[in-house]
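Participant: What follows is each chain in one-letter form.
Protein chains: 2
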Amino acid sequence: MSAKSRGISGERDLIHKFWAEGWASLRVAGSGSSQYPSPDVLASNNVRKLAIEAKITTATSKNFPKEEIESLRFFAEKFGAEPWIAIRFYREPWKFYTLEDLHATPGGFSVRQEDKDKGLSFEELIA
Amino acid sequence: MSAKSRGISGERDLIHKFWAEGWASLRVAGSGSSQYPSPDVLASNNVRKLAIEAKITTATSKNFPKEEIESLRFFAEKFGAEPWIAIRFYREPWKFYTLEDLHATPGGFSVRQEDKDKGLSFEELIA
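Line order of the protein sequences matches chains A and B. According to the numbering used here, the first sequence is numbered sequentially starting from 1. According to the numbering used here, the second sequence is numbered sequentially starting from 1.
Don't read these hints as lab results, they were simulated from the structure. Hints may contain errors.
The list treats identical chains as interchangeable, and a pair is accepted whether it falls inside one copy or across any two copies.
Once the Cα atoms are required to be at most 30 Å apart in a straight line, the calculated DSSO-like pairs of lysine-lysine come out as [stated by the list, open to error]: (1) LYS17 - LYS78; (2) LYS4 - LYS116; (3) LYS4 - LYS17.
Throw the hints in and build the complete structure from the sequences for me.
Facilitator: See below:
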């Protein structure tokens with residue numbers, strides 16, 4: 001499976017989880033290539049709206065260029081949504097991070113697998 | 001150009017218009033084939049959120065199965081968005097219709113080109 005199709009498969013997995021819990025959710029078309037800021041996934045239960053950048057990785061940390069995070073923050077503000085980073089490390093369940101949970105790096109931000117306990121589980125996210 | 005690529009091109013055109021006016025906007029991935037209710041386009045200026053079913057046609061009317069409209073209404077309620085139908089008839093600008101503006105048919109709803117004055121222009125929509 002290519003990195004792109006693994007990414008799409010991961011986004012679909014998230015969407016199924018949201019609908020199964022009664023939330024509406026969708027994948028954004030061309031989210032990685034669009035000229036405009038956009039998250040990978042949007043979800044809403046009418047009260048809350050979540051704008052999610054979703055990544056699957058087999059590495060032990062995931063880096064985010066500063067622009068990707070700023071773009072997520074900008075989009076979320078325009079949409080009245082909460083910005084979240086979702087990461088599924090190898091053989092781990094999804095974990096959800098606020099932008100404040102990210103680890104600053106010279107080029108942007110990262111989430112390390114060793115910090116996984118800082119993230120929320122799916123159940124905690126939607127609670 | 002296939003009907004599908006004409007549809008995508010139409011959706012992109014709408015998205016450009018929204019961003020040009022300072023709104024955030026996105027195309028929904030797989031909106032025509034997803035197993036879940038979803039519109040073609042979402043747009044927000046933070047205050048308002050619009051869930052839009054967007055169609056381009058060379059015919060003089062456009063039909064919508066009842067399920068498509070119900071699905072748009074359901075999604076919009078879940079997302080706290082206003083449901084809108086956008087249609088671009090041949091050589092006409094985009095017109096935007098509320099669900100109440102649709103003409104009931106035995107199988108669902110339709111918008112006829114002759115009723116185009118019932119629709120809002122893009123400028124009126126975002127005013």
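Participant: May I ask which of the numbered hints given earlier this structure violates, with the numbers listed in increasing order?
Facilitator: Nothing - there is no hint that the structure violates, so all of them hold.
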